[in-house]
Structure formats: C-alpha cells, structure tokens
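The listed protein sequences correspond, in order, to chains A and B. With the numbering used here applied, the first sequence corresponds to residues 1 to 646, in that order. With the numbering used here applied, the second sequence corresponds to residues 1001 to 1093, in that order.
If you are wondering where the hints come from, they were derived from the structure by calculation, not from laboratory data. C-beta: ideal position from N, C-alpha, C; glycine also. A couple of the hints might just be wrong.
[Unchecked claim] In silico DSSO-like cross-links for lysine-lysine, where the CA-CA straight-line distance does not exceed 27 Å:
1. B/Lys1083 <-> A/Lys608
2. A/Lys629 <-> A/Lys46
3. A/Lys629 <-> A/Lys611
4. A/Lys634 <-> A/Lys608
5. B/Lys1083 <-> A/Lys519
6. B/Lys1058 <-> A/Lys301
7. B/Lys1083 <-> A/Lys303
[Unchecked claim] Just the calculated beta-carbon pair ranges, DEER-fashion:
8. A/Lys214 <-> B/Val1068: 17 to 25 Å
9. A/Thr493 <-> B/Lys1016: 26 to 34 Å
10. B/Arg1038 <-> A/Gly126: 51 to 59 Å
11. A/Asp376 <-> B/Glu1087: 53 to 61 Å
12. A/Glu277 <-> B/Val1013: 51 to 59 Å
13. A/Glu215 <-> B/Val1068: 50 to 58 Å
[Claimed, not checked] Far from chain B by the CB rule (all over 12 Å, computed), these chain A residues:
14. Ile128
15. Asp423
16. Thr493
17. Arg569
18. Asn584
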Amino acid sequence: MALNRKIAYIDLSTGKIEIKPIPINVRKKFLGGRGLDAYLLYNHTKKGCDPLGPENTIMVSGGVLTATLASATARTHVMAKSPLGGLLGSANMGGFFAPELAWAGFHHLVIKGKAEKPVYLWIHNGKIEIRDARHLWGKTTTETQWAIREELGDEDIKSLVIGPAGENLVRFANVMTGIKNSGGRTGMGAVMGSKNLKAIAARGTMDIKIAHPKEALEYNKHFIEQITSAKVNQTQGTLGTPFIWGATNSWGGVRCRNFQYNQELYCDDIEPEAIDEVCAETMGPYHMAGCFGCQVHCRAKYKIPTGPYAGAYDEGPEYTSQGAFCGEPDCRSIETLLTGNHLVDQWGMDNLETGSIISWAMELYELGILTDKETDGLELRFSNDEALLEMVKRICFREGWLGNVLAEGGVIASEKIGKNSFDYLIQVKGVSNLHSDERATPALALNVATASRGSDHLRSRPAIDLYHLPEGVLRKIYSNPVPYEGLLSSEHTEYVGKPWQVFWQENCYMAVDCLGICKYHTVFLGATLPNFEDWPKVLYYNTGLEFTPRELWDVAERCNMIERLFNLREGLKREDLKKGDMLNHRYFDEPTRRGAPDVVGRVIDREKFKKMIDEFYEYKGLDKDGIPKPETLKRLGLESEPSHLV
Amino acid sequence: MGNEKEGLSTAEVLRKTRTYGQVRCHNPSCMGRLQPERGANKVKCPVCGSEFRVAWVKDGFPRIRGPVWEVNQRLAEEALAKKMKEEKKDGPK
C-alpha cells in the first residue's frame, strides 16, 4: 500500500545508503511530500550551512497519495536550503517522476554529501545504485533523460535531472523531468550540481495496494467530474496556463519593464489564442497533454515556427514564460517567447527568475547604473529580443562579467553591481517576484511578502480574491474547516479580511503539497474546486488513513510552521529587505500607471500593510516579530523540534 | 471521518453557483457580468464603458482575450489624471 513506501538516506560522500520505513506517527503529523520534506530539512540540515556545500541536504519526494487511484497525484517535490535566498528552498513539479519513484518503492529521498565525480542515482524496485555520470555532464535536460534510458535499456525510466545551469551552479537552476516539468524557484538544480549529482533515475513495478479500491474508483469518478467541469479547467485544457497571464494583463496586474508598468500594451501576438494557433499549426489539433493521472491536460505541445531554433520541440509555454520573456522585458514576439521557454527548459533554469533578473538589468542599463562596459557592448534595453535571449545564454554559461554576476541571483548581483541597484530589485527573501504586479491587490501583496520560499504565488495566494465573489461564497469557503467570523470583502483592492484568506490559502496549498496533488485541483484558480472537506475521503479510500478536515488543516499548519522555524533559524527577520516578510519600497512609493480605471494610481498603503502582517502573524500564532509563541509550538506538537523521529 | 457518507462539501455546494455564457468586466470597481452575443469578438461594459476583445473557448463559452487597447488605455489615462489631481488637492489616498 501507499503507506509502505520507504525513505532512503543517501550519502554521496561515502556512498552509504540506508533504507527505512516511514513510521505511522510521522505520517500522521506530516503526511508526506513537502510537509515531511520540511520536517526532514529542519532535522537533517545544520544551522548556517553553505547551501552549495556538502553539508546541505536535498530532499526529493512524492505525496502520500502519489501513484494511487486519486486524480493528478503527479507532483514531485524537492527541498533544500536555497542558494538563492539562503532560506528555505523548495520546488514542485508535475510530470511522471514521483509516481515512478513510488512504484520503485520510495516516497522520500534524503541526499547529503558530495560525490567525487559526477554521478546519478538509479532507483528500481527497492534498490538504489550510485552510477558514474561523467558522460552525462554537459548534456541538456532532454539529452540526459534519453541517454539514461538508452544506457539502462528501458524507455519507461523517468528521471529528475539538471542541465548546464545546474552544473554551472547558477543559483536559480532548476531540477527538471520530462521536456518542461520544472522544479523551478530557489535553485534546487544548483544544489544538485554542487553535489555532482546529475540525475535521479527511477523505474518500478511494485504494486501500490489501494485500501478501499471500489470506493476509491467510485469517488474519483465524481471528483474528476467536479474538477473537469469547472470553467477554469476547461479553459486550461484548451489554452493551457497562458490564459492566466492574458487575463491578468487585461486589467493591469502584470509586471512590465521590471516594475515601471503594470500592463504590457498591444501584445496580441503573445496572447493565449495566438500561442494556441502555433501549437495547432506545428503539432496538429490534439496538442494538449497531461501529467500523470490528470484529466485537465493543461500542457501544450509546440515546435518553434521560425528563427534559429525553428523546428525545436518543447512544451508549454506556461504563464510564467509569458511574464519572463514578454511582459517583464516588454517583448512581444511569439518566436522570442517560445525560444526563451525552450532554452530555459533545455538548460534547466528558472524562467521566472531569469526573466525577472534580466528585466532588472535592463532597467539598470537604461538608468546608466549598468553600462556597455559591464554588458560587454550588449545593448541591454527593454524590447530588445536579441539581447534578452543572449543574456539567457550568458547567465546559464556564466559568460562575461554580467552573465556571471546575474547567475548569482539578484541579491548577490546587487552587491557586486553596487550604486543603488538593489532599490530596483523586485524580490522577497532573495527570490524575484512573479511576473505579477500586486500594487492594486493587497491580499496578493501580503502573499508574496510572507511566502515561505520567498516571493511566490503558489504558497498562499488567494487568487479567487480577483473574482469579486459574493461575501456569502467567500464565507462558505474561508470558514471551513476552521470557523471564521471576521470581515471578508469581495473587493480585491481592499485590505480587510485578506490576512485570513492568505492564512487559509497557505494551509490549503500545504495540504495539497503533502498529498501530492496539483494545485489546479483545489481552491487556487477556481472557487468550486475541492478543498479540506473533500480530501479526507480521497485519503481514506486510497490509503486507509482517517483524517477529519480539521485534522488535515492541523497537519498543514504544523508543516507551515516547520518551514517558518527553518527560515528563522537561517536568519529571517520581519522587516529585513533581503531575508524578511517585506516588500520593495516601490510597492509603497510608485503608483501604478496602467490598467483598468480602478487599478491605475494604486500603491500599497504602508500602514495598512503593516497591520495586515500583524493580523496574519496572529492567525499563525506568531509574535509581533514573526516568531512562534511557545503555546503555538505546543499546540502544533513542535515544542521539541528538531525531534529526529526519522 | 473520511469514510462516512456525508452531505455535500463546500465545493460541491458551490458548483451550482457556476455561470456559463458570461464574463466579468475586468475593471475591479465594476466587475459587472457581461454576456457577449454568440460568436461576437468584442463586448462593451454598459456600466463603466470598458471594452474587451472576446475569444471563445468553445461554443457558448466566451472569455475576455484582452482589452480593446485604445479604448481602455484612454479610460485608464483619464482615471489616472483624475486621481493625481485629487491627490494634489487632498494628499495621498
């Protein structure tokens, strides 16, 4: 059954491998996936360790429901101390790797040390081997996966790999699987690279026994119907995630020219329908694919139609690539979008961070803070498509002074560039913001400021706040499973009620990350998608684990608190601009200049923002400095951490 | 208990609130429900005057593709100018 999947401890320095069961009391406290990874990180990483040193520990996992009959349990999670922000590093991706790892007998890998030479792990039916990977070093992410399949003689092997960016220790390098499934954000690829770990390959045929198969199938049918009939998922199944960027740009909620504007004008050529046309022309009418066990099918397939990479196959682009290669640098070419997406996929680099950091450098260049001397003559201006793609390459291969500096991430780069360059860097906890602009949406601003892995939309964003839902609908969602009687507002430009929404979403997203389910199956983009009341049924039918909705909430709250404890141990301070729950001054000082009539002229009110943070901390059981109160730790059963249960 | 037959969950209850054939105006202070004519490629909000280009996910399922740039940009510029004027008079909002 799912609960008998093991945890493996792998020391790359010594070659020692230990395989252990996951005790049921640990499952009940942390479930699996990201939540259990957070516990393992806190217990197996020493305070202040070098993120790119052998003492950092990297966790790889699937959720407790991975590879069961439940829908969309494809998610693979990777966690370590981040080389980008120096705090929590965490990345989550779809595809097929985690289910294969589960069939090979494992739910969690804990990898430490550093191999003397490049290696990869080969995991198959309960066994783990450390194999030579010198011949794989230098290969792209796709080349690596196919080379491993050929070497081991099995086309069904699924691998988690790094590309050249991870090998070159670019601090925002991805871990990748498949063509485009990206464990992006926070530089987990660089951590693998620092360990000389090129890949983790898995293949398994070990059955997962379902606790109540008839009920699981019956309920899953109903569950899938609920999910696929939602408008948001029907749109995703037709246009993929680009519709999110398109809709957000429509009212003025995206970043453009770093942070100077909040809307990209006249960008019809890179809107979702335009992308869909290219996909249909190059791949035919049925060009949408899905991850393991998912019926939404939000992943488009395409070939680049023109330019130096014409004919190259890739998948996506996701909304994050539209932000990275269109909105932020203010480029409007579909060729640039599809090419940029392809390069970061093949080289294993975070599209969000790449686009953000280059757009920041473009603003610095236009301000004269960077000059031709630093760019080696490259005219790094906004809307210069060639310069944008050239910088992607220079960063990945650390070419030239600026390429090498930007590969270090924004905070270190700002220290090397000097002057007042940091003032223009749109980041939280060392991680560049998403391509969205939150000056008109206080709830979303609170989310990016307080997200545990640095600025992020997938940790606590109440995206449905943008839908102007009636208060009654909001109350129905946000008063469950924990009663909430405070204010709620349908207005997304308001401040009231938002801290509770962010707190609720933080627990909601943690719960699905522990289960191993995709966020498009929960209250992220759709208000009518499953949440705390629905998952206990899925969990029980598939694994036999009995949880009430409230107990599941408690697990999520506990796991979020472990992440907080890790960040505090590594130096998080409430108002620290580089390691705190704080936004760049431009959020408070520079009004938005584009968008819908009620969006222009907006800033975040500094005092109201502070009050939102205070209220958010209260819900989490933190004091005014953001440190957990002793009674909170006791309530969550975390008063003895690190407890070394596993 | 997860295994007990219970009433409908919040998600299941809210399913009946889904609306089809309509889109919401993208202006936050408006957010009126707009119902484009079947197959139309534009829709205008009768309340705030914003105009949008419409695409069809499938028959009967419209979505806003983006603004009619020149119209909504003009509305934005007017709104910004008004806000800046008010701010000068009353201080920052």
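Hints versus structure:
1. Taking the CA atoms of B/Lys1083 and A/Lys608, the gap is about 20 Å. The hint holds against a cut of 27 Å.
2. Taking the CA atoms of A/Lys629 and A/Lys46, the gap is near 23 Å; set against the 27 Å cutoff, the hint holds.
3. Between A/Lys629 and A/Lys611 the CA atoms are separated by roughly 19 Å; this keeps the pair inside 27 Å, and the hint holds.
4. For the hint pairing A/Lys634 with A/Lys608, the CA-to-CA distance comes to about 31 Å; that exceeds 27 Å, so the pair is violated.
5. Taken as a hint, the B/Lys1083 and A/Lys519 pair is broken in the structure, with Cα atoms around 38 Å apart against an allowance of 27 Å.
6. For the suggested pair B/Lys1058 and A/Lys301, the alpha carbons sit about 20 Å apart, so the restraint of at most 27 Å is met.
7. Distance check on the hinted pair: B/Lys1083 and A/Lys303 sit about 46 Å apart at the alpha-carbon level, beyond 27 Å; violated.
8. A hinted range of 17 to 25 Å is violated for the C-beta pair A/Lys214 and B/Val1068, which are about 54 Å apart.
9. Between A/Thr493 and B/Lys1016, the C-beta spacing of about 28 Å keeps the proposed range 26 to 34 Å intact.
10. Range check, B/Arg1038 to A/Gly126: Cβ separation about 58 Å, and the 51 to 59 Å hint holds.
11. Here the CB-CB span from A/Asp376 to B/Glu1087 is close to 43 Å, at odds with the stated 53 to 61 Å.
12. Checked against the hint of 51 to 59 Å, the pair A/Glu277 and B/Val1013 fails, with Cβ atoms roughly 39 Å apart.
13. In this structure the supplied range 50 to 58 Å holds for A/Glu215 paired with B/Val1068, their Cβ-Cβ distance being about 51 Å.
14. The claim that A/Ile128 lies off the interface holds: its Cβ sits roughly 33 Å from the closest Cβ of chain B, which is beyond the 12 Å cut-off.
15. Once the 12 Å rule is applied to beta carbons, A/Asp423 is consistent with being away from chain B; the minimum gap is 20 Å.
16. With a closest Cβ-Cβ approach of about 6 Å to chain B, A/Thr493 is found to fall inside the 12 Å limit, against its non-interface label.
17. Once the 12 Å rule is applied to beta carbons, A/Arg569 is consistent with being away from chain B; the minimum gap is 35 Å.
18. Listed as a non-interface residue, A/Asn584 keeps its Cβ farther than 12 Å from every Cβ of chain B; the least gap is roughly 18 Å.
Checked against the numbered hints above, the structure breaks hints 4, 5, 7, 8, 11, 12 and 16 and satisfies the rest.
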